[in-house]
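Engineer: From just these sequences and the hints, can you work out the full model?
The listed protein sequences correspond, in order, to chains A and B.
Its first residue numbered 1, the first sequence is counted upward by one per residue in the UniProt record's numbering.
Its first residue numbered 1, the second sequence is counted upward by one per residue in the UniProt record's numbering.
Mixed in with the good hints, there may be bad ones.
[Claimed, not checked] Below are the DSS-like pairs computed for lysine-lysine, each with C-alpha atoms no more than 25 Å apart in a straight line: (1) A:Lys135 <-> B:Lys110; (2) B:Lys2 <-> A:Lys139; (3) B:Lys11 <-> A:Lys130; (4) B:Lys11 <-> A:Lys139; (5) B:Lys237 <-> B:Lys146; (6) B:Lys11 <-> A:Lys135; (7) A:Lys130 <-> B:Lys110; (8) B:Lys110 <-> A:Lys139; (9) B:Lys110 <-> B:Lys11; (10) A:Lys141 <-> A:Lys130; (11) B:Lys237 <-> A:Lys234; (12) B:Lys47 <-> B:Lys110; (13) B:Lys11 <-> B:Lys47; (14) A:Lys231 <-> B:Lys237; (15) B:Lys47 <-> B:Lys2; (16) A:Lys234 <-> A:Lys141; (17) A:Lys231 <-> A:Lys141.
[As the list claims (entries may be wrong)] Derived coverage of chain A by chain B (criterion: at least 3 residues anywhere in the stretch with Cβ under 8 Å from a Cβ of chain B; other residues may be distant): (18) 44-56; (19) 225-231.
[Stated by the list, open to error] In silico contact screen, one side only, chain A against chain B (beta carbon under 7 Å); selected entries: (20) Arg36; (21) Leu39; (22) Leu124; (23) Arg127; (24) Asp128; (25) Ala131; (26) Arg132; (27) Pro133; (28) Tyr136; (29) Val137; (30) Ala143; (31) Thr147; (32) Ser217.
Since the hints were derived computationally from the structure, they do not count as laboratory data.
Since we're looking at a predicted model, the values are computed, not measured.
Where a beta carbon is used, it is the ideal one built from N, C-alpha and C, also for glycine.
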Amino acid sequence: MAPTVISMALATRPDKDTAPGKAPGKRPSPARSGMRPSLVRSVWDSTIGKKTVMAVSGLIMLGYLVAHMIGNLKIFFGPEDINEYAHWLRTMGEPVLHYEWALWLVRIVLVAAVVLHAVSAYQLSRRDIKARPAKYVHKRKRASYATRTMRWGGIILALFIVWHLLDLTTGTVHPGEFEHLHPYQNIIDTFSTWYSNVIYIVAVVAVGLHVRHGFWSAAQTLGAGNARRDKVLKATANALALVLTLGFVSVPVAVMTGVVS
Amino acid sequence: MKLTLRVWRQKNAGADGAMSTYEVDGISPDMSFLEMLDTLNEELIVKGEDPVAFDHDCREGICGACSLVINGDAHGPERTTSCQLHMRSFQDGDTIDVEPWRAAAFPVVKDLVVDRSAFDRIIQAGGYITAPTGAAPEAHATPVPKPDADFAFEHAECIGCGACVAACPNGSAMLFTSAKVNHLNVLPQGSPERETRVLDMVDQMDAEGFGGCTLTGECATACPKGIPLPSIAAMNKEWLRAQRRVARR
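Structural biologist: Written out as structure tokens, the structure reads:
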């Protein structure tokens with residue numbers, strides 16, 4: 001094989017000055033000009049780099065979701081338990097940190113993750129759509145449901161987050177008397193309305209689907225995937241999706257059925 | 001066999017194309033798909049019509065020239081190239097749709113022929129090793145561990161046909177590029193340019209207007225040479241490693 005490769009080197013070595021293939025209007029390959037841009041620039045400008053940003057921000061949000069889901073389950077242990085937990089969220093890190101500092105730190109990281117994830121997704125999606133302008137006349141179903149719904153699922157989730165924060169963090173669109181630091185009553189008020197249940201359950205199913213493809217996909221993007229590990233990664237993605245969906249859905253179901261009241 | 005073909009006809013790169021319907025009769029199940037198209041073209045020539053333009057060369061499944069999307073699948077229903085697809089994969093009386101590769105980076109030249117020179121430019125960006133040429137080196141001079149040799153060979157099987165791009169809903173060239181990067185990066189001959197290779201080839205891939213990877217897996221399903229989907233993860237790993245290394249220099 002070596003001789004073939006060597007002759008290929010002769011045949012295909014690009015001329016540095018007239019390197020072909022630069023689509024008009026595109027920046028010249030910085031690599032071959034010997035001037036590499038900064039790490040941040042070259043990561044953000046590359047499709048693989050943007051996917052890496054999506055993978056890392058996605059995993060941060062996934063970690064938060066697991067913690068959030070576990071926190072939600074405290075509602076099954078009574079009002080004191082979950083209200084005490086809400087209070088602890090604000091005092092964690094004390095006395096090193098001041099009241100609510102740790103919580104704000106988490107919020108800042110999460111907002112950064114959401115924004116980076118969404119901006120990357122938007123830019124990559126636009127690029128992807130442009131890269132396939134003509135559709136095939138002969139249609140057939142492609143990829144799994146979770147994979148095909150990543151974009152719409154993401155949009156649904158972004159809208160849900162806005163509603164969810166206005167409902168249970170600021171209380172702006174809360175259906176009952178919103179009381180700060182009394183999540184038990186607030187949650188019951190929210191899930192006593194039919195539309196809140198619908199919005200919430202749709203969003204939670206979207207989370208499950210998004211995580212199912214997203215976790216495995218993030219592993220591939222970060223280079224952790226290989227043939228040997230594939231089954232384990234897929235199983236982990238499915239387990240995470242299932243546990244998150246069931247964990248989150250259990251709260252509105254419990255309120256609707258009167259288990260929590 | 002008697003078949004109805006719906007074939008994409010497009011006069012040139014600038015013209016609008018459309019599907020045209022043709023009836024072909026007397027097709028043997030032992031014919032390859034390209035021989036079936038040859039039969040159609042012979043009839044069209046006799047009738048004084050323009051024959052259907054399609055790419056083909058070796059007709060042995062090793063050159064990567066043929067490039068047909070048959071009934072929505074790149075290279076048709078079997079996991080092989082269009083030239084190695086036989087008419088026994090179809091039923092008498094079938095209607096078969098034949099379309100060109102679809103991707104912004106692969107513009108249609110005529111009918112079913114697309115311009116795949118974007119792939120050549122990705123190779124030119126780093127899909128080679130820089131070495132003094134001459135007589136073949138002594139085979140034992142550079143030991144290659146067996147698993148690495150197998151890994152390199154698996155990726156070296158890529159014939160650059162572009163079925164991965166054609167099948168990808170994002171028109172992404174990640175599977176092609178990863179096959180080429182992995183093939184050379186795992187070998188000692190390729191290691192001096194390990195970092196620049198992956199960075200430059202990915203850069204060129206992006207510059208050509210291919211889409212990004214969303215891990216749908218369509219590429220690996222369509223690949224006639226069975227380049228596996230984890231190749232993409234392996235290239236991502238190489239790319240991240242190269243970014244870290246280059247940043248430290």
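Engineer: Quick one: which hint numbers does this structure break? Sort them smallest to largest.
Structural biologist: No hint contradicted; all consistent.
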